[in-house]
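Residue numbers (the working numbering), protein chains in the order written: chain A, 1 to 474; chain B, 1001 to 1474.
Accuracy of the hints is not assured; some may be wrong.
Below are the DSSO-like pairs computed for lysine-lysine, each with C-alpha atoms no more than 30 Å apart in a straight line [claimed, not checked]:
{"no.": "1", "chain 1": "B", "residue 1": "Lys1426", "chain 2": "A", "residue 2": "Lys432"}
{"no.": "2", "chain 1": "A", "residue 1": "Lys294", "chain 2": "A", "residue 2": "Lys267"}
{"no.": "3", "chain 1": "A", "residue 1": "Lys369", "chain 2": "A", "residue 2": "Lys407"}
{"no.": "4", "chain 1": "A", "residue 1": "Lys407", "chain 2": "A", "residue 2": "Lys205"}
{"no.": "5", "chain 1": "B", "residue 1": "Lys1156", "chain 2": "B", "residue 2": "Lys1044"}
{"no.": "6", "chain 1": "A", "residue 1": "Lys127", "chain 2": "A", "residue 2": "Lys88"}
{"no.": "7", "chain 1": "A", "residue 1": "Lys426", "chain 2": "B", "residue 2": "Lys1034"}
{"no.": "8", "chain 1": "B", "residue 1": "Lys1230", "chain 2": "B", "residue 2": "Lys1205"}
{"no.": "9", "chain 1": "B", "residue 1": "Lys1426", "chain 2": "A", "residue 2": "Lys34"}
{"no.": "10", "chain 1": "B", "residue 1": "Lys1230", "chain 2": "B", "residue 2": "Lys1258"}
{"no.": "11", "chain 1": "B", "residue 1": "Lys1335", "chain 2": "A", "residue 2": "Lys317"}
{"no.": "12", "chain 1": "B", "residue 1": "Lys1426", "chain 2": "A", "residue 2": "Lys335"}
{"no.": "13", "chain 1": "B", "residue 1": "Lys1297", "chain 2": "A", "residue 2": "Lys258"}
{"no.": "14", "chain 1": "B", "residue 1": "Lys1118", "chain 2": "B", "residue 2": "Lys1156"}
{"no.": "15", "chain 1": "A", "residue 1": "Lys426", "chain 2": "B", "residue 2": "Lys1051"}
{"no.": "16", "chain 1": "B", "residue 1": "Lys1059", "chain 2": "B", "residue 2": "Lys1093"}
{"no.": "17", "chain 1": "B", "residue 1": "Lys1156", "chain 2": "B", "residue 2": "Lys1317"}
{"no.": "18", "chain 1": "A", "residue 1": "Lys321", "chain 2": "B", "residue 2": "Lys1258"}
{"no.": "19", "chain 1": "A", "residue 1": "Lys335", "chain 2": "B", "residue 2": "Lys1051"}
{"no.": "20", "chain 1": "B", "residue 1": "Lys1321", "chain 2": "B", "residue 2": "Lys1156"}
{"no.": "21", "chain 1": "A", "residue 1": "Lys426", "chain 2": "B", "residue 2": "Lys1432"}
{"no.": "22", "chain 1": "A", "residue 1": "Lys321", "chain 2": "B", "residue 2": "Lys1317"}
{"no.": "23", "chain 1": "B", "residue 1": "Lys1426", "chain 2": "B", "residue 2": "Lys1156"}
{"no.": "24", "chain 1": "A", "residue 1": "Lys93", "chain 2": "A", "residue 2": "Lys231"}
{"no.": "25", "chain 1": "B", "residue 1": "Lys1267", "chain 2": "B", "residue 2": "Lys1231"}
{"no.": "26", "chain 1": "B", "residue 1": "Lys1296", "chain 2": "A", "residue 2": "Lys426"}
{"no.": "27", "chain 1": "B", "residue 1": "Lys1335", "chain 2": "A", "residue 2": "Lys113"}
{"no.": "28", "chain 1": "B", "residue 1": "Lys1438", "chain 2": "A", "residue 2": "Lys231"}
{"no.": "29", "chain 1": "A", "residue 1": "Lys51", "chain 2": "A", "residue 2": "Lys156"}
{"no.": "30", "chain 1": "B", "residue 1": "Lys1432", "chain 2": "B", "residue 2": "Lys1470"}
{"no.": "31", "chain 1": "B", "residue 1": "Lys1432", "chain 2": "A", "residue 2": "Lys432"}
{"no.": "32", "chain 1": "B", "residue 1": "Lys1426", "chain 2": "A", "residue 2": "Lys438"}
{"no.": "33", "chain 1": "B", "residue 1": "Lys1267", "chain 2": "A", "residue 2": "Lys317"}
{"no.": "34", "chain 1": "B", "residue 1": "Lys1317", "chain 2": "A", "residue 2": "Lys258"}
{"no.": "35", "chain 1": "B", "residue 1": "Lys1335", "chain 2": "B", "residue 2": "Lys1231"}
{"no.": "36", "chain 1": "A", "residue 1": "Lys335", "chain 2": "A", "residue 2": "Lys412"}
{"no.": "37", "chain 1": "A", "residue 1": "Lys407", "chain 2": "B", "residue 2": "Lys1426"}
{"no.": "38", "chain 1": "B", "residue 1": "Lys1432", "chain 2": "A", "residue 2": "Lys317"}
{"no.": "39", "chain 1": "A", "residue 1": "Lys205", "chain 2": "B", "residue 2": "Lys1426"}
{"no.": "40", "chain 1": "B", "residue 1": "Lys1426", "chain 2": "A", "residue 2": "Lys156"}
These aren't lab readings, by the way, just hints derived from the structure by calculation.
Chain residues, written in single-letter form:
Protein chains: 2
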Amino acid sequence: MEILEKMRCFMEPESIALIGVSRNTDSDSFNVLKNLIHYGFQGKIYPINPKANEILGFKAYTDIREIPEDIDLAVIITPRGTVPDRVKECTEKGVSALVIIAQGFADSDNEGKMLQEKVIEIARKGKTRIMGPNTFGVINAYRGLSTALPRFELAKTPVGVISQSGIFFVGLSNIMFGKAIDIGDCCDIDFADSLAYFEDDNDIKVVLLHMEGVSDGQGFFEMANRVSNKKPLIALKSGRSEIGRIAAQSHTGSIVGKDEIYDAVFKETGVIRANDEEEAEDLIKSFLTFPPMKGKKIGVMTWAGSTGVITVDACEKHGLKVIDLSGSTLDMIRKLSPPSWLPLGNPVDIWACMGLKGFNLANFRDEFKIILEALLADENSDGVVAIIPDFLVLFYSELWDISTVVKEAAEKYPNKPIAFSIFGPKGGLTEKLNETGKTVVFNSCEKAVNALAKLNEYYEFVTTQVDRLKAEDC
Amino acid sequence: MEILEKMRCFMEPESIALIGVSRNTDSDSFNVLKNLIHYGFQGKIYPINPKANEILGFKAYTDIREIPEDIDLAVIITPRGTVPDRVKECTEKGVSALVIIAQGFADSDNEGKMLQEKVIEIARKGKTRIMGPNTFGVINAYRGLSTALPRFELAKTPVGVISQSGIFFVGLSNIMFGKAIDIGDCCDIDFADSLAYFEDDNDIKVVLLHMEGVSDGQGFFEMANRVSNKKPLIALKSGRSEIGRIAAQSHTGSIVGKDEIYDAVFKETGVIRANDEEEAEDLIKSFLTFPPMKGKKIGVMTWAGSTGVITVDACEKHGLKVIDLSGSTLDMIRKLSPPSWLPLGNPVDIWACMGLKGFNLANFRDEFKIILEALLADENSDGVVAIIPDFLVLFYSELWDISTVVKEAAEKYPNKPIAFSIFGPKGGLTEKLNETGKTVVFNSCEKAVNALAKLNEYYEFVTTQVDRLKAEDC
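Bound conformation, chain A alone:
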């Protein structure tokens, strides 16, 4: 597949030419060469700057065509007016992959539009594929590679991003991207091409798509459908509103369609849509951490009746079901609770279950374990949401730390997700739960429920596709 080879030249180049890289290598100079050295990039680097003989110890060339070896990836850092000539030189050199950093093309004035047409025309004659313009290019933390002007922290995470904006290169609040592709104004390389790279890439387990618009709708549909059968794709689609669409057009120059069409396409292709940055992060963490949520039935355990009610509301809103527990689970819970504290059921009231032994915190962990494992064992649950305050913030310390209980339960019942919402001030329990690698702590009860619902949505997509393929085989 030709596009895959091209994408590998972008993402895993053996040699890079930096066209127009500055001699200024101060700490605030946004110098790509300096960044690559800092990251420990292993391939060959060729600075191109007619005013320099060498930069940071690297021999500088006047023209890319002078370089005696093949170039996989070239990055053009010069202003827009000079770009067509530089592109022409790259095609003559036979460069496979080209990043154009500058903005001021189709997103700008008539001169910019003309320049962009010229660039495309030149590129089409050669075998050079173009990313951008108006892009930071690519990040591949597994190879110490970033073509972005600012220096970011690179981290080898299993999360990829395809965006139309360099801002995603900084990562989300608590998630860095191991590989990032900024398709920018998308004059050539687009979502479908970028998805092709991630399809069989073993480093990356989840891919975030930041989308404003798609030019090749059919291509996106086919690739998204293929890739989301192999790994979850999460979309942060903006330009939802009429005015947002106009803003998006001026930002990337791309054609932005009706929001409802995107909703339908995402549903059909198994892409999970996130409403905002925080939800995108919640979903990425959930897909990385949890086993599949195989059904819609949910067990809820809560330290307070109120947060149980809030969670039940959220389940109805997001399509999960809080159904009756089995007789044996109820028997187990009944043994813990004072007889007058009715009704027993789902949600399970942890506070009530501490009641029989007189709220002795020394018993809390054991009682939490009994309830959690009963809910996981119950055939009437496909996953569990637990809501407790973080009393580690107060004076109870080790008595309240249920992280070991959660880790053991998750290992004993590896087929059901256990999601947490920690109510109130944080005293360290969130970190302890995160350290288990077995659960995700959400900022509200509803966010926990929503994540499990989206997990189930993805599971249903994949299994339905498999059934469809099997039926086609018969």
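Please arrange chain B on chain A, whose structure you already have, making use of the hints.
Then chain B, alone, in the frame of chain A:
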């Protein structure tokens, strides 16, 4: 006003009787007496426990009627079966305010329902008002008072809460409640009574309502309307869904009405509804920090086009307007940007505004200041949303710290809120911005927009009410 005097006995008692307080004073004993000593409660405390002569140095009584002085507040900590007799003794003693901690009443079986009816009957004959049952009672951090079993951190914050659940006593993630009322199963003291306390309470500037149901709808309507004219009320209303309503009924035994009715009542009374715990916290912080948002026009400044598009979407969703900036503002911005980087406008692209001087970070703060102050000065903005990544997490340190710029701008333009969304990993900028006391940092662009929209909703409620009152005066 009689109810206000009663509520002061709950919230500001000179004397407390703890009926059934345990002799067990271990660190995990949930001992209210021990907690009150820890908090430094200044009033008189009378433990009542027939099995003890003294507890923690306090003389213990067998019966509340033996106490030689008046009792403002009594807390009954005994199991449900004993509660009616204890209530009777309290009415005979002439206690004004009574908290019943135990659960297992109207929320439970027939015996519980019968017990509750008995309690109400007894109370109605005397002058004793009852909070609960199934409650943690009250917190007043300004007086070192908490009647809750677990020990919480008390903090003299300007935030109050009226809830139907003790879990709110722990606070929200980053907000503690200076005063808290848990009306529990609400057999007597209800939302209207509790709101009456907060109406002219100078300690409390914002009140959160956690609501599952209201028994006295008319009373709530009148008090909510009165109080929200004086300070913002934020409602976290659960029991939205059919099944959530059933769960709420079993939790507090209260009658839970159609969700649409609550929406209408909130709108009419100026109560701001929050969807989840995180939004409630966002709104509380916003009301405490920002000046009123007097109109719907918003100026957006963003480090990336993409987050501008996301913010514009959010404005349309939440009813704010991203309109054209005035000519003088555009001129100011034009001077900063390379001429080919069109179009100039709202949102303002900070990255582009750094372009003319070649992305020198040394100029970043000055350029940020020019844009921010131009947006604040512009007649076409009633507030500003700024979106930037936190490059303090990388290597830029002090060059990226715009907290002083924000503080000065907020002081220069004290009538417009400046909201932030920080994109990506946090490197300390959020804390620096928080320390200014002039802005709030939100977890996504949409959350920032939503908060400003709700601020404007409240402003419009208050000014419309004032206009209505003026019209009635004429």
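Structure-based check of each hint:
1. As the CA atoms of B/Lys1426 and A/Lys432 are separated by approximately 20 Å, the hinted pair is consistent with the 30 Å bound.
2. At most 30 Å may separate the alpha-carbon atoms for a hinted pair to count; A/Lys294 and A/Lys267 meet this at roughly 18 Å.
3. Simply put, A/Lys369 and A/Lys407 have alpha-carbon atoms about 11 Å apart, close enough for the 30 Å limit, and the pair holds.
4. A threshold of 30 Å between alpha carbons decides the hint, and for A/Lys407 with A/Lys205 the separation of about 22 Å falls inside it, so the pair holds.
5. For the suggested pair B/Lys1156 and B/Lys1044, the alpha carbons sit about 21 Å apart, so the restraint of at most 30 Å is met.
6. Simply put, A/Lys127 and A/Lys88 have alpha-carbon atoms about 11 Å apart, close enough for the 30 Å limit, and the pair holds.
7. At roughly 24 Å between alpha-carbon atoms, A/Lys426 and B/Lys1034 fall within 30 Å of each other, so this suggested pair holds.
8. The straight-line distance between the Cα atoms of B/Lys1230 and B/Lys1205 is roughly 9 Å, inside the 30 Å bound, and the hint therefore holds.
9. Straight-line distance between C-alpha atoms of B/Lys1426 and A/Lys34 comes to about 24 Å, which keeps the hinted pair within the 30 Å bound.
10. Under the criterion of a C-alpha separation no larger than 30 Å, the hint pairing B/Lys1230 with B/Lys1258 is consistent with the structure, at around 28 Å.
11. Restraint check for B/Lys1335 and A/Lys317: the C-alpha separation of about 49 Å exceeds 30 Å, so the hint is violated.
12. Simply put, B/Lys1426 and A/Lys335 have alpha-carbon atoms about 46 Å apart, too far for the 30 Å limit, and the pair is violated.
13. Distance hint between B/Lys1297 and A/Lys258 is fulfilled; the C-alpha atoms sit about 25 Å from each other, no more than 30 Å.
14. With a CA separation close to 37 Å, the supplied pair B/Lys1118 and B/Lys1156 exceeds the 30 Å bound.
15. For a cut-off of 30 Å, the pair hint linking A/Lys426 to B/Lys1051 is broken: about 39 Å separates their Cα positions.
16. Proximity of B/Lys1059 to B/Lys1093 is assessed by CA-CA distance (about 18 Å); at most 30 Å being required, the pair is judged to hold.
17. Note on B/Lys1156 and B/Lys1317: the hinted pairing is violated, with a Cα-Cα distance of about 36 Å set against a maximum of 30 Å.
18. For the suggested pair A/Lys321 and B/Lys1258, the alpha carbons sit about 20 Å apart, so the restraint of at most 30 Å is met.
19. Of the pairs offered as hints, the one joining A/Lys335 and B/Lys1051 holds, with about 29 Å between alpha carbons and a cut-off of 30 Å not exceeded.
20. Our distance criterion of 30 Å between C-alpha atoms is broken by B/Lys1321 and B/Lys1156, whose separation comes to about 37 Å.
21. Taking the CA atoms of A/Lys426 and B/Lys1432, the gap is near 20 Å; set against the 30 Å cutoff, the hint holds.
22. Proximity of A/Lys321 to B/Lys1317 is assessed by CA-CA distance (about 29 Å); at most 30 Å being required, the pair is judged to hold.
23. Pair hint B/Lys1426 plus B/Lys1156 holds up; C-alpha atoms about 28 Å apart against a cutoff of 30 Å.
24. Distance restraint check for A/Lys93 and A/Lys231: the Cα-Cα separation of roughly 37 Å exceeds the 30 Å cut-off, and the hinted pair is therefore not satisfied.
25. With a C-alpha separation of about 15 Å, the suggested pairing of B/Lys1267 with B/Lys1231 holds against the 30 Å cut-off.
26. Under the criterion of a C-alpha separation no larger than 30 Å, the hint pairing B/Lys1296 with A/Lys426 is inconsistent with the structure, at around 35 Å.
27. Proposed proximity of B/Lys1335 and A/Lys113 is supported: the alpha carbons are some 23 Å apart, at most 30 Å.
28. Distance restraint check for B/Lys1438 and A/Lys231: the Cα-Cα separation of roughly 43 Å exceeds the 30 Å cut-off, and the hinted pair is therefore not satisfied.
29. The straight-line distance between the Cα atoms of A/Lys51 and A/Lys156 is roughly 36 Å, outside the 30 Å bound, and the hint therefore fails.
30. Restraint check for B/Lys1432 and B/Lys1470: not satisfied, since their Cα atoms lie roughly 43 Å apart, outside the 30 Å limit.
31. Between the alpha carbons of B/Lys1432 and A/Lys432 the distance comes to roughly 27 Å, so the proposed pair stays at or under 30 Å and holds.
32. Between B/Lys1426 and A/Lys438 the CA atoms are separated by roughly 24 Å; this keeps the pair inside 30 Å, and the hint holds.
33. At roughly 22 Å between alpha-carbon atoms, B/Lys1267 and A/Lys317 fall within 30 Å of each other, so this suggested pair holds.
34. A distance of roughly 15 Å separates the Cα atoms of B/Lys1317 and A/Lys258; the hinted pair therefore holds under the 30 Å criterion.
35. Straight-line distance between C-alpha atoms of B/Lys1335 and B/Lys1231 comes to about 43 Å, which puts the hinted pair past the 30 Å bound.
36. The hinted pair formed by A/Lys335 and A/Lys412 meets the criterion: a straight-line CA distance of about 23 Å does not exceed 30 Å.
37. Straight-line distance between C-alpha atoms of A/Lys407 and B/Lys1426 comes to about 28 Å, which keeps the hinted pair within the 30 Å bound.
38. With a C-alpha separation of about 37 Å, the suggested pair B/Lys1432 and A/Lys317 falls outside the 30 Å cut-off, and the hint is violated.
39. A C-alpha spacing of about 24 Å is found between A/Lys205 and B/Lys1426, which places the hinted pair at or below 30 Å, so the restraint holds.
40. A C-alpha spacing of about 19 Å is found between B/Lys1426 and A/Lys156, which places the hinted pair at or below 30 Å, so the restraint holds.
In terms of the numbered hints stated before, the structure departs from hints 11, 12, 14, 15, 17, 20, 24, 26, 28, 29, 30, 35, 38, listed from lowest to highest.
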